[in-house]
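A.B. asks: Each chain, letter by letter, is given below.
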Amino acid sequence: MNIFERMQKLDPRWIYVVVALAIIIPLMIPYDSDNVTTPPTENLYQMIDSFAGREDRAILLSFYHDAATMPELFPMEVAILRHCFERNVKVFMLTWYPAGAPIIDYAINTVKEEYPDIQSGTDYCNFGYKPQAFAMVLGMGDNIANTMNTDAEGRKLENLPIMRGINNYSEMNLVIEFSGSSAGGTWIVYARPKFGLNVAVGVTAVMAADEYPYLQSGQLIGMLAGLKGAAEYEKLVDIFAAYRDPKIDYSKTTNENGDKILPGRPFGREILEDESSKKLSLITTQTHAKFTASEYKAFSAKYPDQQNILNGLIKTEKDMIEIDITDITPELRTEMGEKLYREIDRHTHNTLYKFKVARIGMNAQSVAHIMIIVFIILGNIGYFIQKARVAKK
Amino acid sequence: MKKTIPLLIVIVGGLIWVAWAFSPHHALQDVYYNQFYLPWAYASAPFGMLLGVLSLSLMHTNKIKTKAPKWQYSYFFFGSFIITCLAGFIGGIQKGGLFMWIFENVQMPMSATMFSLLAFYMASAAYKAFRARSPEATVLLAAAIVVMLAQVPLGVKISKHLPTISQWILDVPNLASKRGILLGVGLGSVATSLKILLGIERSYLGGSD
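Protein sequence lines, in the order shown, are assigned to chains A and B.
In this text, residue positions in the first sequence follow the working numbering: the first is 670, and each later residue adds one.
In this text, residue positions in the second sequence follow the working numbering: the first is 57, and each later residue adds one.
Please note that a few of the clues may not be correct.
Below, simulated SDA-like cross-link-like pairs (lysine to any residue); rule was C-alpha separation at most 25 Å, straight line [as the list claims (entries may be wrong)]:
1) A:Lys1061 - B:Gln223
2) B:Lys213 - A:Ser702
3) A:Lys863 - B:Val241
4) A:Lys825 - B:Ala168
5) B:Lys213 - A:Met697
6) A:Lys825 - B:Gln223
7) A:Lys863 - B:Lys213
8) A:Lys781 - A:Glu991
9) A:Lys1056 - B:Phe92
10) B:Lys213 - A:Val875
11) B:Lys184 - A:Trp683
12) B:Lys213 - A:Arg675
13) B:Lys58 - B:Ser249
14) B:Lys216 - A:Lys825
15) B:Lys184 - A:Asp725
16) A:Lys947 - B:Gln223
17) A:Lys825 - B:Tyr98
18) B:Lys234 - B:Lys213
19) A:Lys825 - B:Ser100
20) B:Lys184 - A:Asn1049
21) B:Lys234 - A:Ser850
22) B:Lys151 - A:Thr791
23) A:Lys1023 - A:Ile1042
24) A:Lys1056 - B:Ala247
Derived, one-sided and incomplete: chain A residues facing chain B with beta-carbon distance under 7 Å [stated by the list, open to error]:
25) Asn704
26) Gln715
27) Gly722
28) Phe1044
29) Ile1050
30) Tyr1052
Here are some, though not all, of the chain A residues that point toward chain B, as calculated from beta-carbon distances under 7 Å [said to hold, decoys possible]:
31) Val705
32) Met739
33) Asn778
34) Pro882
35) Gln885
36) Leu1009
Keep in mind the hints are simulated off the structure, nothing from the lab.
Yeah, the Cβ is synthetic: ideal placement off N, Cα and C, and Gly gets one too.
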């Protein structure tokens, strides 16, 4: 048996070993890579962001999947919830699957840990598992509180603060359905034409191709396609929603002109394409908070009582003032207060693992895709050489 | 009689839904839908769930009784079903409870493992079966390689034009074929629905006519 015949009859277990290594190694050793954002992801981000800080707008997340597709869909759900919590967007959640109910709880618990001020019933509301999707989808078009009646904790919806200003799809104007199969179907067919509801989907990569007709026709306003879609969304949240201007005091609700102060910043193409923005979405550990002189001056002015502590921590590197968060001892942390510590931590632009899972996964997917392409090419080379030899004989 | 009554139920029920979809009349939109259909739909859902549980339990009981192949695994079904139900009903489904622990540490990893096996089979199939045997297969192969590369950050490093080419493949040839399939499915559904409503299609009743 020559080498080409051997190649054709390669034991699949060798392929499994190579694929396993190609996935495991990049997962264990994260490196920074740039996930170029695509229009379907950007459109969805911008739509959600347009509801930021508005009392009369909300979004609905439909968790239409079970645990099997969580590796691809869960990072999307976490990224969108994080976006909502960062930018004060009211968010409702439901599932048509009994197995989807724990996923909603798990997603809320995962994100909420980092947002102690976010309250159930005020900032978000979980409807839980609801049977009869068709009836619910149409019913919410008339009145959400009457159709859903209670949330997952059994509280009457009409008594919850989150329902203030929210009646039907005129206010809860965007639904995002996450699914490993037929995402968005019921919403597109019934709620979109009858009530003008905006629909978007988050789907596994294998299902993404099926959604393109709806995207092109405008029936879907956006789509997150597989882990790549989740990675793109994570990046946008890091660059825009999680961004904090060191000069602005976010503990105040309005500025000196009486304008509402909203955490984060709106989406901007020029910001996204700017080279410096890449530093805001790195997945490797970041420990240095960097400020320009004017930024530091405004930042430290917000903490007049902690000026001495701050001055003891700063170092000047290439015209930038830096604070190394690893220099802050537990005692110093207690002395400076949790608010200042958290703000310095935010300015390091270090992203928690749970908020960069998709981007780490994309590194593994990069290597896995290259491996599969190499396998395809090798398989074809072996096939054609063997075929040529047979023909020659 | 045995077939006429079910046939009439289907025809009348179907026509009511057609009328509901096309008419904004109060009797259909409010009286029929909100006051009649919605409460019945909510009430029937738990019975559907009960039916599912009963059916699954009966199937596994039969498997154990008849000692069908792999009957031992049916005990795992009953064991997991009872433990999960008790954990949820007694301890609640909130974070920190046994139910959520089972979900996070048993169901989630097991389901994800099953789904992730797909990657291994895909890699093996790509090596063994994805051959440029014909011009059509060669086009498919080239398109697959471009889309796969453009999906990942490494691909963008190879060429910044890859995402544009990949997007074109998805937006034009992929979209055309998908739309063709969807139109076919849509027209087929309309034709089948009409045949059922008019009593021409009766195979759902069983039997030959």
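A.B. asks: A separate judgement is required for each hint: does it hold in the structure or not?
C.D. replies: Now the hints, each set against the structure:
1. A:Lys1061 - B:Gln223: Cα-Cα ~42 Å, so violated.
2. B:Lys213 - A:Ser702: 9 Å, holds
3. A:Lys863 - B:Val241: 22 Å, holds
4. A:Lys825 - B:Ala168: Distance of about 35 Å is beyond 25 Å: violated.
5. B:Lys213 - A:Met697: 22 Å, holds
6. A:Lys825 - B:Gln223: 46 Å, violated
7. A:Lys863 - B:Lys213: Roughly 45 Å between the alpha carbons, so the hint for lysine 863 (chain A) and lysine 213 (chain B) is violated.
8. A:Lys781 - A:Glu991: 29 Å, violated
9. A:Lys1056 - B:Phe92: Answer violated: lysine 1056 (chain A) to phenylalanine 92 (chain B) is near 69 Å, above 25 Å.
10. B:Lys213 - A:Val875: 23 Å, holds
11. B:Lys184 - A:Trp683: With a Cα-Cα distance of about 13 Å, the restraint between lysine 184 (chain B) and tryptophan 683 (chain A) holds, given a limit of 25 Å.
12. B:Lys213 - A:Arg675: 34 Å, violated
13. B:Lys58 - B:Ser249: OK: lysine 58 (chain B) and serine 249 (chain B) at ~22 Å, within 25 Å.
14. B:Lys216 - A:Lys825: 53 Å, violated
15. B:Lys184 - A:Asp725: 56 Å, violated
16. A:Lys947 - B:Gln223: 23 Å, holds
17. A:Lys825 - B:Tyr98: 17 Å, holds
18. B:Lys234 - B:Lys213: 30 Å, violated
19. A:Lys825 - B:Ser100: 22 Å, holds
20. B:Lys184 - A:Asn1049: OK: lysine 184 (chain B) and asparagine 1049 (chain A) at ~9 Å, within 25 Å.
21. B:Lys234 - A:Ser850: 15 Å, holds
22. B:Lys151 - A:Thr791: 20 Å, holds
23. A:Lys1023 - A:Ile1042: 30 Å, violated
24. A:Lys1056 - B:Ala247: 48 Å, violated
25. Asn704: 6 Å, holds
26. Gln715: 18 Å, violated
27. Gly722: 28 Å, violated
28. Phe1044: 4 Å, holds
29. Ile1050: 10 Å, violated
30. Tyr1052: 5 Å, holds
31. Val705: 5 Å, holds
32. Met739: 6 Å, holds
33. Asn778: 5 Å, holds
34. Pro882: 5 Å, holds
35. Gln885: Holds, about 6 Å.
36. Leu1009: 29 Å, violated
The structure shown violates the earlier hints numbered 1, 4, 6, 7, 8, 9, 12, 14, 15, 18, 23, 24, 26, 27, 29 and 36.
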